[in-house]
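Here is how the chains run, residue by residue.
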Amino acid sequence: MRPEHWLFTIPLRLRSLFRWAQADQELDEELRDHLERKTQEYVAQGMTEEEAHRRARLDLDGIEQTKERCRDVRRVNWIQDLIQDLHYGVRTLRKSPGFTAVAILILALGIGANTAVFSVVNAVLLKPLAYRDPDRIVALSNFSPTETATALPEPVSIPDVQDWHDQSSSFEAMAYYSSRESAVVSGSTAEYARVTRVSPEFLRIFAVGPVLGRLFTAEEMKPGAPGVVLTSYAYWQSHFGGDASALGQTIRVSGPQPIVGVLPPGFGFPNKTDLWIPLISDSPPRGWHSFLAIARLKTDVSLERAQTEITLIAQHLERQYPQTNKGRTVAVRRLRDDMVGDVRPTLYLLLGAVSVVLLIACANTATLLLAKATARTREVAVRAALGASRHRVVRQLITESLLLAFVAGASGLLLAYGGSKVLVALAPADVPRLADSVVDRWVLAFAFVISMITSLLFGLAPAFYAARVDLIDALKLAGTRAVMGGGMIRMRGVLVVAEIALAVVLVSGAGLLIKSFVALHNVALGFRPENVLVMRATVPGPLEESILRARQFFGGMLSEIAKLPGVLATGATMAPPGNVESTGFYFLDHMAAQPDPNAPAVILNIVTPGTFAALGIPVKNGRGFDDSDTFNRPFVAVVNEALVRQSFPNQNPVGRTIFCPFDSDKGMTIIGVVGDVRQRGPAREPMPECYMTYGQHAFNGATLSVVVRTAGDPNTLADTVQRLARERSPDVPMKFTTMEALLSDNVAVPRFRTLLVGVFAGLALCLAMAGVYGVMAYTVGQRSNEFGLRIALGASTGSVVRLVLGHGLALACIGLALGLAASIAGTRLLKSMLFEVQPNDPATFVAVGILLTLVALLSCYIPARRATRVDPMVALRYE
Amino acid sequence: MSKPSDLVQGTLDMLLLKFLALEPMNGFAVSQRLKQVSGDVLQVSDGSLYPALHKLEQEGWITAEWKTSEYGRRAKYYSLTRLGRRQLEKEADNWGRLSSAISRVIKLKEA
Chain P
0 MRPEHWLFTI
10 PLRLRSLFRW
20 AQADQELDEE
30 LRDHLERKTQ
40 EYVAQGMTEE
50 EAHRRARLDL
60 DGIEQTKERC
70 RDVRRVNWIQ
80 DLIQDLHYGV
90 RTLRKSPGFT
100 AVAILILALG
110 IGANTAVFSV
120 VNAVLLKPLA
130 YRDPDRIVAL
140 SNFSPTETAT
150 ALPEPVSIPD
160 VQDWHDQSSS
170 FEAMAYYSSR
180 ESAVVSGSTA
190 EYARVTRVSP
200 EFLRIFAVGP
210 VLGRLFTAEE
220 MKPGAPGVVL
230 TSYAYWQSHF
240 GGDASALGQT
250 IRVSGPQPIV
260 GVLPPGFGFP
270 NKTDLWIPLI
280 SDSPPRGWHS
290 FLAIARLKTD
300 VSLERAQTEI
310 TLIAQHLERQ
320 YPQTNKGRTV
330 AVRRLRDDMV
340 GDVRPTLYLL
350 LGAVSVVLLI
360 ACANTATLLL
370 AKATARTREV
380 AVRAALGASR
390 HRVVRQLITE
400 SLLLAFVAGA
410 SGLLLAYGGS
420 KVLVALAPAD
430 VPRLADSVVD
440 RWVLAFAFVI
450 SMITSLLFGL
460 APAFYAARVD
470 LIDALKLAGT
480 RAVMGGGMIR
490 MRGVLVVAEI
500 ALAVVLVSGA
510 GLLIKSFVAL
520 HNVALGFRPE
530 NVLVMRATVP
540 GPLEESILRA
550 RQFFGGMLSE
560 IAKLPGVLAT
570 GATMAPPGNV
580 ESTGFYFLDH
590 MAAQPDPNAP
600 AVILNIVTPG
610 TFAALGIPVK
620 NGRGFDDSDT
630 FNRPFVAVVN
640 EALVRQSFPN
650 QNPVGRTIFC
660 PFDSDKGMTI
670 IGVVGDVRQR
680 GPAREPMPEC
690 YMTYGQHAFN
700 GATLSVVVRT
710 AGDPNTLADT
720 VQRLARERSP
730 DVPMKFTTME
740 ALLSDNVAVP
750 RFRTLLVGVF
760 AGLALCLAMA
770 GVYGVMAYTV
780 GQRSNEFGLR
790 IALGASTGSV
800 VRLVLGHGLA
810 LACIGLALGL
820 AASIAGTRLL
830 KSMLFEVQPN
840 DPATFVAVGI
850 LLTLVALLSC
860 YIPARRATRV
870 DPMVALRYE
Chain X
0 MSKPSDLVQG
10 TLDMLLLKFL
20 ALEPMNGFAV
30 SQRLKQVSGD
40 VLQVSDGSLY
50 PALHKLEQEG
60 WITAEWKTSE
70 YGRRAKYYSL
80 TRLGRRQLEK
90 EADNWGRLSS
100 AISRVIKLKE
110 A
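For the protein sequence lines, the chains are P and X, in the order given.
The letter at position 795 of the first sequence is residue 794 when you use numbering that gives the first Met the number 0, and the numbering goes up by one with no holes.
The letter at position 19 of the second sequence is residue 18 when you use numbering that gives the first Met the number 0, and the numbering goes up by one with no holes.
To be clear, the hints were calculated from the coordinates, so they are not data collected in a lab.
Values in this document were obtained by computation on a predicted structure and should not be read as measured data.
Since no wrong hints were added, every one of them can be taken at face value.
Straight-line alpha carbon distances no greater than 25 Å define the calculated SDA-like cross-link-like pairs of lysine to any residue that follow:
1) X:Lys34 / P:Thr38
2) P:Lys66 / X:Tyr76
3) X:Lys17 / P:Leu34
4) P:Lys734 / P:Pro528
5) X:Lys34 / P:Val72
6) X:Lys54 / P:Glu35
This is chain P alone, in the form it adopts within the complex (with noise of 0.2 Å):
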């Protein structure tokens, strides 16, 4: 179009848009002048007022048909049409505010629901990582074949990711770290801190430099340098206000070390870390695998040519020293996957949980907006006879689709924003990122996008539908009861099996979820859990001074606290069940001569005598550790089952002698065997085990967790204690908590998902619940005067009951067996969160079938019970 043609139509436009009533007014008029000078022409031919009145209406072929033709020629008519619709929109959900609160809140159920789910995976899966080109980090990690199902990283040697550092070309940097709570003194204060002890090239990968100070040199990072530290911005802040006199100030780590530089704000790689120290090791050996790699892909570098790089060096260093690296391969992952680890499954888990519940969501929507439709036949025949062209009507209800989403998307969100929260509360603590989870403009977009997607599926079918009216059915009938056509009962049914398949899917998910949770419950953890006080204290300072202290720190603690009243047995152990603190090999009868990559692998635990009575551990064969067993009596160690079956089957392993080389390669006496603990976590089976006491093995000893039976309420005791403690060494820093809670960090993951998931199954049952009622309660009012006939002719009202539960139950197992088989089809992808659970559990389907039924009948009786109550006489006086 060319410029000069928009001066005359630009003008017009507006007209039409702004003066909108005044340009309907104008067309009113000019086609009624037209009609007027018609009739009297007719008239002047010779026929009667009335006939030539009615000749120029034909002529004109009606006169809003006419009109609502002129206005479609206008080009702004679909704002026009927007705005009116929307007002008129307004209007019709204002009327029936009822629909509109149970429409809004089932849509706002589902779309917060979906928000806040989306807010959490979008803050630990999506967003990239608050450092400098997020993408190009990646964690190298070993991944040993021994367990091949469910392979999980395993941590690195010094000697192995300094030759990957020295072979390889596609990296920028690469570094190697170790983080730990440590004892850290600062001032008079003694508290536990996160410390990482880097390698000279960490800091580069991330590209950070400090705010103050300086970072590392190089000389610093050499065996003998005087120890340096570096801070975090929040460290700096919390514990010196953020004044710049903070350097060259003194915190105790392993020894007194200068601060010399503040990293920036938000920088805590990994875990927050507090404390960044120099890692320097001399000469550590190969087959010590207890670090973790970093490192930076240089700029055109893809993650596939690392990978590959870095394959072919392991392989070399396979054939190099197969002692320790056989079998060995490593994995290159972009930072931020290596960082999500195993939430990443169960958060797609919640995803696509959530989206179920908005597919029911949306069906449920769909059947209200369905029966709302066949009310308003009548209004849209009307609308149809006055001119609204089909797609005008449609517009119309999608209008009012679209304004129901939108304000049940900004109630979702406020649902949202509450929900997210209480999202990351539920979450297990260790979930990276999780507290980041906020409504920012991705989610909000999300929301609105969702909202949008959500109107279309819930409006577009009854839209349609609505304008497939019979114009002259509609209007040729006169009461004020409207038909439901044929097609639409139908639709309703589809929408009500939908309902009940989608709802079958997750309760069937939620029932595996259950049941694999109870199983993981019940499973039998090998010790007493319950009434045990945790105490995990370290007594800071240099190694060889540490330990000695903590042999009187510990020692004294534990004769003290025997004597506590309600105290029924104390031990203190280096790794409470369910953690591991170390893992190695165990050679029998005699040490071999040389590292051996095949010896079986074992569990190592430090622990006191009293420690197996105070978590009950049962001694099953011998005897536990007592004080006699010190330092300079013949070694001894006791084993559990678990070692026994693999290395003694029928045997008595009492007497014999075992090495376990941790630090000593001393052999020591097997006097006694425990039961079985299992030690990683109670999904997990026990693995062999070798426990050595804390009186001739000294290595690790400045931190022991000091566990306590209680006859009662152990928490009531952590008071007590950490007085005691205070009294004695005030400067170790200790935590407390209990066996139970342990046990429940243990098994957060499974508790987060199947509570979740159980949530949005009970959701979806509600819905569906609701769903089969609606259709119900709506086909037995269109159904009345039939149930009044049949009463009136003696029908009994059981049987009237039987006809409409029929009818529901007919529905419920249509869905029930689409449901099912969906499920058998689906549920195989949560094997990998299944404990002692087959996907395919037909105990769950069945109590699952059996759920739905007894659902469906119930909300088949409320509208059962309306039909029998029927009044014949006005039954057949309407008919």
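Add chain X to chain P, keeping to what the hints say.
Then chain X, alone, in the frame of chain P:
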């Protein structure tokens, strides 16, 4: 609702533009004129006429003005704009070429 299906697409626009080029007139007069000029050959119902007029106005080819008619009441008078005149020339041109082409084809001798 009858559409002027027997009228070549766009021809109605051209005819209306032509009428209004002769003199400004209101919708009723246009409908009368259509009937007079074309006899019963071009059957354009009143119901099709008004949307067509409104479309031309919307395109900016004609403009409307409310005047008091000879019957003493207000009527909407349409007249051609400068753009409309150009459009008419273009369409008349097209029409000339089209009709002469068609008549040449029709006059071809059958073998």
